[in-house]
Amino acid sequence: MNATAALARAPFDRALLLIVPASAFMLLLFVYPFFYGLTCSFDATHNCTLSSFATASFTAASYKYFFTTDNQWPTIWTTLRLALPATLINVGFALPIAYKMRVRTRYQRWVTAILVVPITLGTVLIAEGALTYFGPKGWLSQTLQLLHIYEGPIRLTHNYWGVLISLVISGFPFAFLLILSYVTGIDPVLARAAATLGADPAAQFRHIYLPLLAPGLAMCFCLAFVQAFSVFPSAVLLGSPAGPTRVISIAAYEAAFEQYDYSLASAIAMIMGLVQLIIVVAVLGMRNLFYRGPVVGGKG
Amino acid sequence: MKGWFDRAWRGLLLGVMTLFVVNVALMIAAVATSSFARRWLGTWLPEGWTTSWYVAAWNEFQLGSVLWVTVEVVFAVVFLSLLIGVPAAYTLARRNFPGKRFLILLFLLPLMVPPITYGIPLATVLYKWQLAGTIYGVILANLIPAAPFVILVMTPFIEQIDQNLESAARVFGAGTARMFWHVLVPLLAPGILAASLLILVRTIALFELTFLTAGPDSQTLVVALYYAVFAAGVRAPQSIDAMAMIYMLVTLVWLLIALRFVNPTQLVSRVKEQPLTA
Chain P
6 MNATAALARA PFDRALLLIV PASAFMLLLF VYPFFYGLTC SFDATHNCTL
56 SSFATASFTA ASYKYFFTTD NQWPTIWTTL RLALPATLIN VGFALPIAYK
106 MRVRTRYQRW VTAILVVPIT LGTVLIAEGA LTYFGPKGWL SQTLQLLHIY
156 EGPIRLTHNY WGVLISLVIS GFPFAFLLIL SYVTGIDPVL ARAAATLGAD
206 PAAQFRHIYL PLLAPGLAMC FCLAFVQAFS VFPSAVLLGS PAGPTRVISI
256 AAYEAAFEQY DYSLASAIAM IMGLVQLIIV VAVLGMRNLF YRGPVVGGKG
Chain A
131 MKGWFDRAWR GLLLGVMTLF VVNVALMIAA VATSSFARRW LGTWLPEGWT
181 TSWYVAAWNE FQLGSVLWVT VEVVFAVVFL SLLIGVPAAY TLARRNFPGK
231 RFLILLFLLP LMVPPITYGI PLATVLYKWQ LAGTIYGVIL ANLIPAAPFV
281 ILVMTPFIEQ IDQNLESAAR VFGAGTARMF WHVLVPLLAP GILAASLLIL
331 VRTIALFELT FLTAGPDSQT LVVALYYAVF AAGVRAPQSI DAMAMIYMLV
381 TLVWLLIALR FVNPTQLVSR VKEQPLTA
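Residue numbers (the working numbering), protein chains in the order written: chain P, 6 to 305; chain A, 131 to 408.
Hints in this document: simulated from the structure, not taken from any laboratory. A portion of the hints provided could be inaccurate.
Result set (SDA-like, lysine to any residue): computed pairs, CA atoms no more than 25 Å apart in a straight line [to be verified]:
| # | chain 1 | residue 1 | chain 2 | residue 2 |
| --- | --- | --- | --- | --- |
| 1 | P | Lys105 | P | Trp115 |
| 2 | P | Lys142 | A | Ile376 |
| 3 | P | Lys105 | P | His212 |
| 4 | A | Lys230 | P | Phe40 |
| 5 | P | Lys105 | A | Phe135 |
| 6 | P | Lys142 | A | Phe166 |
| 7 | A | Lys230 | A | Ile322 |
| 8 | A | Lys258 | P | Phe262 |
| 9 | A | Lys230 | A | Phe287 |
| 10 | P | Lys105 | P | Val121 |
| 11 | A | Lys258 | P | His51 |
| 12 | A | Lys258 | P | Ser28 |
| 13 | P | Lys142 | A | Pro367 |
| 14 | P | Lys105 | P | Thr117 |
| 15 | A | Lys230 | A | Phe166 |
| 16 | A | Lys258 | P | Phe30 |
The task is simple: from the sequences and hints, build the whole structure.
Next up, the structure:
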């Protein structure tokens, strides 16, 4: 009669059971903690036990505290001031370089291999290395003084610039690889067809590649932004965590593990997720202004 | 005129790339130099060379037990994420069912949300369950980004495999389990290998979730390194740098192994070709 009735009569497909463990795991350890945190952030007792949820009244006190306390709400701007420029630099430089590398050459594999290395260094190692190398007595400072480019003391660690540098070092290779894979997925025949019709390289990029790349660029921007937005170790080690680089994840960590205020910590985590979500929705929304359709890519 | 502009643009790009690579290389070299330095204060090169900092780091930071914990965590995460991820990827690749879009969203979200955002509520829950601070808590927390990653990488791999092979196995009477073990797993071996190596490298480097859930006995190498740098001043910088070098060698060895089997650009594009991710 209808589809559901037919489904009900059909023998049950046991292959569907294969997805149950993964789904159950995600529900238990991702969805449940999320709702637990959401409830906890409104818990008036700040105890965050299941019994306190059952009996307590709910208030938005933690959110109110966050938005009215002087060392809490500005962390949103501090984080955005770091994450947005870092993401723009990473994606902005990765796009032209990846575009240049789109032709498969001998050194394409070498360049990608060299650029993958910083991804695996991890933020902690980059922070430690940057402290040594970019520090006031490091090689960079000594070279600049030797060449008389800049005589004064350079301050690239324990401030905003240190964190920005570490975000670029860890984020740029990632953005590059992602964009490179999108660019190489676009069939070069399209650009050649445009060239036959008289398009110069700039016009080919502007009218062929850029519109086709737009979805990939939006995705890449979002993923690069997630990384930069959750900056934590480098903001502590390489920045000045009490002042100009007190990012939102530091505020969340302090609330949870120094003040033991789980309600406030959950509230900050929720605010973090919300800001992240707004950026992602805005970027993915912008993507829809561009052409959407097949890229005619084929590379096994 | 045009050629001049083109050459300048190419030069600029090459310059930016060289600047980046040279500075990163020098940064690593600075850590390496420092780890072998007897004394190094504001000069070009240290006054003398020694390997004693490696011994010092090994003893001071209990690197033996930290490395053992790291190995346990990483291999448990790889094994468990494959165990629950590959079957789920099979269902997503082969079947259509109500709620499929919802499940794909569920598996994508952990990769799109900052780790601290879900790490803090997760750590709170794990503390209530008495799991935080133990190695089990660390493994569970690291599985949250790892399992979806396996699913996203493996789904397109499974889609590429001819479905007739499965039908043939079924005709000869194989059940789902036997079909999986004798037909799919051998065919998927390259994909499984690639996914597990990537999980391995990612888990070694994943800081936030381990940091939030680890106790003193369940720190992995990256968290131990963080605490060492964080408490810098207490210990000689050279021994911290020696520890950083050990960390880097551990990751680099696995990365080089991974690069032999995986072309990074193709892997990302496979994830992209996933249907319904938009």
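Hints, verified against the model:
Our distance criterion of 25 Å between C-alpha atoms is met by Lys105/P and Trp115/P, whose separation comes to about 14 Å. Between Lys142/P and Ile376/A the alpha-carbon distance is near 24 Å, which keeps this suggested pair within the 25 Å criterion. For the hint pairing Lys105/P with His212/P, the CA-to-CA distance comes to about 16 Å; that is within 25 Å, so the pair holds. At roughly 22 Å between alpha-carbon atoms, Lys230/A and Phe40/P fall within 25 Å of each other, so this suggested pair holds.
Proposed proximity of Lys105/P and Phe135/A is supported: the alpha carbons are some 15 Å apart, at most 25 Å. At roughly 17 Å between alpha-carbon atoms, Lys142/P and Phe166/A fall within 25 Å of each other, so this suggested pair holds. At roughly 23 Å between alpha-carbon atoms, Lys230/A and Ile322/A fall within 25 Å of each other, so this suggested pair holds. The suggested pairing of Lys258/A with Phe262/P holds, with an alpha-carbon distance near 14 Å, which does not exceed 25 Å.
Distance hint between Lys230/A and Phe287/A is fulfilled; the C-alpha atoms sit about 18 Å from each other, no more than 25 Å. Using a Cα cut-off of 25 Å, the hinted pair Lys105/P and Val121/P holds, with the two alpha carbons roughly 18 Å apart. Straight-line distance between C-alpha atoms of Lys258/A and His51/P comes to about 14 Å, which keeps the hinted pair within the 25 Å bound. A threshold of 25 Å between alpha carbons decides the hint, and for Lys258/A with Ser28/P the separation of about 22 Å falls inside it, so the pair holds.
Simply put, Lys142/P and Pro367/A have alpha-carbon atoms about 14 Å apart, close enough for the 25 Å limit, and the pair holds. Between the alpha carbons of Lys105/P and Thr117/P the distance comes to roughly 13 Å, so the proposed pair stays at or under 25 Å and holds. For the proposed pair Lys230/A and Phe166/A, the alpha carbon gap of about 55 Å is over 25 Å, so the pair is violated. Proposed proximity of Lys258/A and Phe30/P is supported: the alpha carbons are some 18 Å apart, at most 25 Å.
Hint compliance for this structure: hint 15 is the single one not met.
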